[in-house]
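J.: The primary structure of each chain is shown beneath.
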Amino acid sequence: MASESSAFEIKPMDQFIITPLFSEGDLEWYTFTNQSLWMLIALLGIVLLFVFGIRKGDVVPGRIQSIAEVIYVFVHKMVVDITGEEGLKYFPYIFTLFLLILFGNVLGLLPYSFTFTSHIAVTGILALLVFISVTILGFVKNGFKFLGLFWISSAPLALRPVLLIIEVISYFVRPISHSIRLAGNMMAGHAVIKVFAGFAGIMGLGAIAPILAIVAVYGLEMLVVVIQAYVFTILTCVYLNDALHPGH
Amino acid sequence: MANSSEKSSIGMPQLDFSNFDNQTFWLFLFLILVFLVIRLLVMPRMEETLTNRRKIIEEDIQEAEELKEKALEVEKTLNFELENARVKANDILRNCKDEIKRNTQDAIADIDLKIAELIKVSEKNIVSLKADSKKEVSKLSKKLAPEIVKLLIS
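Quick mapping for you: the protein sequence lines, in order, are chains A and B. Just so we're aligned, residue 159 is where the first sequence starts under the numbering used here, counting upward by one. Just so we're aligned, residue 8 is where the second sequence starts under the numbering used here, counting upward by one.
One or more of the hints may lead you astray.
[To be verified] Here are the simulated EDC-like pairs of lysine to aspartate or glutamate, each with C-alpha atoms no more than 16 Å apart in a straight line:
| no. | chain 1 | residue 1 | chain 2 | residue 2 |
| --- | --- | --- | --- | --- |
| 1 | A | Lys352 | A | Glu167 |
| 2 | A | Lys214 | A | Glu227 |
| 3 | A | Lys247 | B | Glu54 |
| 4 | A | Lys214 | B | Glu55 |
| 5 | A | Lys214 | B | Asp98 |
| 6 | A | Lys235 | B | Glu54 |
[What the hints assert, rightly or not] Sample of chain A residues lacking proximity to chain B, with all beta carbon distances greater than 12 Å (derived):
| no. | residue |
| --- | --- |
| 7 | Leu207 |
| 8 | Lys214 |
| 9 | Val217 |
| 10 | Met236 |
| 11 | Glu244 |
| 12 | Pro269 |
| 13 | Tyr270 |
| 14 | Val280 |
| 15 | Phe289 |
| 16 | Ser311 |
| 17 | Ser328 |
| 18 | Gly364 |
| 19 | Leu402 |
| 20 | Pro404 |
In case anyone wonders, no lab produced these hints; they're calculated from the structure. Keep in mind the model is a prediction, meaning the values are calculated, not measured. Glycine included, each C-beta is placed from N, C-alpha and C at the ideal position.
Construct the entire structure; sequences and hints are all you get.
T.: Written out as structure tokens, the structure is:
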């Protein structure tokens, strides 16, 4: 799309380019980039809200403490509801996932920011970590009974081999759908906003239309970023539940 | 890394595999940092706050229940006492009425007796007075008769 004309050039994907911040030249594995910066900001935001926000530990919480508590209790309840009490052992990691993704998504909505959750590398690693650890956990907890997850004993015997193939495929597709869902949502929303912003830049007074569109899409994105963080976390819980109770 | 230094993307920067090592490193670093923050700083404080609140609420509820029970007990004793007092008051009232009635009857009987006595005495007096007066009249007439005769003669 960049080659169409030089006057009308919208590069909606440029916002996702990873660039080194304090050094010139090639990216090494340790180079501090704009992506690392926004991960750092997410970490600081988490510390600000969840360490300083609840430091007082009031019985009747104030505003900041209420926000932190609502998020904490929300994820806590989600883990208990889906995986049961024994899933609580993995709550710290699930909460870590949720907070990192939530803050990455929400901070990504700030103008000029970088959305690290829009990168397949990031979400792919997060999803792979969940996939691998859940698979290992399933075998450690249940031994070979874990394979019963693919052998649907409630289905008619004739159907089971077919279901086995479907279940196995869907199991291995999990990390892909898990990661691309998040990254795709983040990338699409930001790219759409950028495209509208590009239109606004060249339309003069008529720019009011794309600006209104940006407002609408931004509102939608506010919803989407939270929902996607929620979806990623709840799917993690569902996968964890499969590993803990493969019987159903 | 020729791509990123040109500041212009060809296709999706997400599919530029050359910086995956960098992304992986920083992601793992911050994942571990966030995990440590949550495990070591957030969860203990949060759990403490939440259990503390739960405890206070439970204690308050328990206290309220105890107070309610106490109030019910007090109400029960109050009702009991009230009933007792009413019964007692009724008793006292009835006793008083009885006594008053008895006293009045006694007094009436007494007075009747006294009146009867008085009547008897006065009847006796009347009888004796009547007798006396007859005697007196005859005495007087005896005394007056000569006088009257004397006057008639003169």
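J.: Against this structure, judge whether each hint is valid.
T.: Hints, verified against the model:
This hinted pair checks out: Lys352/A and Glu167/A have alpha carbons roughly 11 Å apart, not beyond 16 Å. The straight-line distance between the Cα atoms of Lys214/A and Glu227/A is roughly 13 Å, inside the 16 Å bound, and the hint therefore holds. Between the alpha carbons of Lys247/A and Glu54/B the distance comes to roughly 14 Å, so the proposed pair stays at or under 16 Å and holds. Restraint check for Lys214/A and Glu55/B: the C-alpha separation of about 11 Å stays at or below 16 Å, so the hint holds.
About 66 Å separates the Cα atoms of Lys214/A and Asp98/B, which puts this hinted pair outside 16 Å; it is violated. At most 16 Å may separate the alpha-carbon atoms for a hinted pair to count; Lys235/A and Glu54/B meet this at roughly 13 Å. The claim that Leu207/A lies off the interface is violated: its Cβ sits roughly 9 Å from the closest Cβ of chain B, which falls inside the 12 Å cut-off. A Cβ of chain B approaches the Cβ of Lys214/A within 12 Å, the least distance being about 9 Å, so the stated non-interface status is violated.
The beta carbon of Val217/A sits about 5 Å from the closest Cβ of chain B, which is not more than 12 Å, so the claim that it is off the interface is violated. With a closest Cβ-Cβ approach of about 15 Å to chain B, Met236/A is found to remain outside the 12 Å limit, as its non-interface label requires. Remark: the non-interface label on Glu244/A is consistent with the geometry, its nearest Cβ contact in chain B lying 17 Å away (cut-off 12 Å). Non-interface call for Pro269/A relative to chain B: holds, since the shortest CB-CB distance, roughly 18 Å, exceeds 12 Å.
For Tyr270/A, the condition that its CB be more than 12 Å from all CB atoms of chain B holds, with the nearest at approximately 15 Å. Taking the minimum C-beta to C-beta distance to chain B, about 5 Å, the non-interface status of Val280/A is violated against the 12 Å cut. The beta carbon of Phe289/A sits about 15 Å from the closest Cβ of chain B, which is more than 12 Å, so the claim that it is off the interface holds. With a least beta-carbon separation of about 37 Å from chain B, Ser311/A lies farther than 12 Å from that chain, consistent with its non-interface assignment.
The claim that Ser328/A lies off the interface holds: its Cβ sits roughly 24 Å from the closest Cβ of chain B, which is beyond the 12 Å cut-off. No beta-carbon of chain B is positioned within 12 Å of the beta-carbon of Gly364/A; the least distance is around 27 Å. Interface exclusion of Leu402/A from chain B stands, the closest Cβ pair being 20 Å apart, more than 12 Å. At roughly 26 Å from the closest C-beta of chain B, the C-beta of Pro404/A stays outside 12 Å, upholding its exclusion from the interface.
Checked against the numbered hints listed earlier, the structure breaks hints 5, 7, 8, 9, 14; every other hint is satisfied.
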